[in-house]
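Novice: Listed here are the chains, written in short residue letters.
Protein chains: 2
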Amino acid sequence: MSSGHATTGDGARRPTAAEEARTLVAGNRMAALATLSEDGSPWASLVLYAALADGTPVLCLSTLAEHGRNVTRDARASVVIGASDVTGDPLDSGRVTLAGRLEEPGDEQFDAARTAYEAVAPGSGVYGGFGDFTYYVLRVARVRWVGGYGRMDSTDPGAFHAAEPDPVASGAASAIGHLNADHADALLLMAQKLCGHPDAIEAACARIDRYGMDLHVQTPRGPADARLAFAEPANRPGDLRAATVELAMRARA
Amino acid sequence: MSSGHATTGDGARRPTAAEEARTLVAGNRMAALATLSEDGSPWASLVLYAALADGTPVLCLSTLAEHGRNVTRDARASVVIGASDVTGDPLDSGRVTLAGRLEEPGDEQFDAARTAYEAVAPGSGVYGGFGDFTYYVLRVARVRWVGGYGRMDSTDPGAFHAAEPDPVASGAASAIGHLNADHADALLLMAQKLCGHPDAIEAACARIDRYGMDLHVQTPRGPADARLAFAEPANRPGDLRAATVELAMRARA
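Chain order of the listed sequences is A and B. If you're matching positions, the first sequence starts at 308 in the working numbering and goes up one per residue. If you're matching positions, the second sequence starts at 308 in the working numbering and goes up one per residue.
Just chain A, same shape as in the assembly (with noise of 0.2 Å):
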């Protein structure tokens, strides 16, 4: 899907694609570069970035670099940002690819994308636009999500754009560490009386979002991942607490 609500096969809201490409571009500031050097051929570079308010990239390349040499000769590029917490599989954490051109920010965008900007790299403000530092942004055209293994989407730039990076997840992290660590009780009874898993021995929270959040589930038949919506959206991450007690709840009633 590139817009809406996205639901996994039991109705269980997730995050969309366009939802989840935003919460990694806002969650991030390093970036891997993909430019063309003067023969075609790609050139990659690691490169710091921050985002204007729609999730537009803002780079600041210096033509004493190849990258910036290469994009003054042709605008298309492409950014991919992991997510930068990866513990375990890193192909099984999320990426996002944005392709499109470079340009530099209008008069009407060039102090948003200089704030940003520095807001990122403190001390930019020294060189960030001037001598051989260009600051530009990312005209995005194609966005292609990657959520690791079997989950994927391309959305478009319009739904990429709209979309709202996930407000909770600065939290994610410590409240996953939290529950696991104090509430496996409370994720198993969840596991069982929520996620139509009567049998499970153990149960795991392996992300969590604002809709809601992903069990590692095993059971004697085996292993099985679940998903648990939320009664509603988290919109802040001190509204996690709530989320997860009402689930708790609900597989004790």
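By construction, these hints were calculated from the structure, which means they are not laboratory data. Just so you know, not all the hints are guaranteed correct.
From the structure, some residues in chain B lie toward chain A, with a derived Cβ separation under 7 Å [stated by the list, open to error]:
(1) P349
(2) G389
(3) S400
(4) R421
(5) Y434
(6) I508
The following label-pair restraints were derived from C-beta to C-beta distances [claimed, not checked]:
(7) A/S481 to B/H485: 39 to 45 Å
(8) A/A531 to B/G438: 23 to 29 Å
(9) A/S481 to B/N487: 25 to 31 Å
Which residues of chain A face chain B? A partial, calculated answer using Cβ under 10 Å [said to hold, decoys possible]:
(10) A372
(11) E373
(12) S385
(13) G389
The C-beta atom is built at its ideal place from N, Cα and C for all residues, glycine as well.
Go by the hints and put chain B onto chain A.
Specialist: Just chain B now, with coordinates in the frame of chain A:
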């Protein structure tokens, strides 16, 4: 320089660009890959990679993914590999870009490629080289290493393949932590007696490699960076203790 010993202004030996590049390739397993989309525009993606004994990257790509389809159409590709243990400013840590062509390994190289890839991706033996998955080796034509602000160099493929990854890299982080936590007095004495900063008031180890270490030194005149060469290159992590003890004794003499 593209080969031979690298030295700093004070003559202290440092790893060459080729050695730095090989160390980065050996110490990681995730890379960003730049390939060419159907219209010739660049496409950035994330890949798992392994390395052959000479540093040649091995990839395993699926034609279900855009990068896999790109490579079957145009073999030109580039990977960028960054330090995996970045703390602080990510642009102040090392990364290397390798560019060339992705080719299927010949009969004489296939087993080595598969074995290397399976070591970083357990389970890939069941899909690697079969169905939509193909093993590739990157025939390296260009190497560009960036070591952080102000440190960068290109090297040629011959020097890259001939160089050795730093054999003490796996022990560097713990050695740095130990030196800074427990031997700040010895580091300060080294800065005062061996680095030409008699007025140093504080010194911390910023980096350690087989040839020596980099110190961040504080002086009443402002901060300074200094390079300290070991009496003999260290050939295994266990050699770092003796090498740093020798420096401390030299500083006290």
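Novice: Compare the structure with each hint and give your call.
Specialist: We went through each hint and held it up to the structure:
Annotation: interface hint on B/P349 holds; nearest CB of chain A at approximately 4 Å, less than 7 Å. Taking 7 Å as the C-beta contact cut-off toward chain A, the hint placing B/G389 at the interface holds, the least distance being around 5 Å. At a threshold of 7 Å, the smallest CB-CB gap from B/S400 to chain A is about 9 Å, leaving the interface hint violated. Violation of the interface hint for B/R421 is found here, the shortest Cβ-Cβ separation to chain A being roughly 18 Å, above the 7 Å cut-off.
Violation of the interface hint for B/Y434 is found here, the shortest Cβ-Cβ separation to chain A being roughly 11 Å, above the 7 Å cut-off. Annotation: interface hint on B/I508 violated; nearest CB of chain A at approximately 24 Å, more than 7 Å. For the pair A/S481 and B/H485, the supplied restraint of 39 to 45 Å is violated, since their beta-carbon distance comes to about 29 Å. Here the CB-CB span from A/A531 to B/G438 is close to 25 Å, well matched to the stated 23 to 29 Å.
At roughly 28 Å, the beta-carbon separation of A/S481 and B/N487 lies within the given 25 to 31 Å, and the hint holds. At its closest, the beta carbon of A/A372 sits 8 Å from a beta carbon of chain B; the interface hint therefore holds under the 10 Å criterion. The interface hint given for A/E373 is met, as the beta carbon of that residue sits about 7 Å from the closest beta carbon of chain B, less than 10 Å. With its C-beta approaching chain B no nearer than about 4 Å, A/S385 sits inside the 10 Å limit, and its interface hint holds.
For the restraint placing A/G389 at the interface with chain B, the shortest Cβ-Cβ distance is roughly 5 Å, inside the 10 Å limit, so the hint holds.
Of the numbered hints listed earlier, those contradicted by the structure are 3, 4, 5, 6 and 7.
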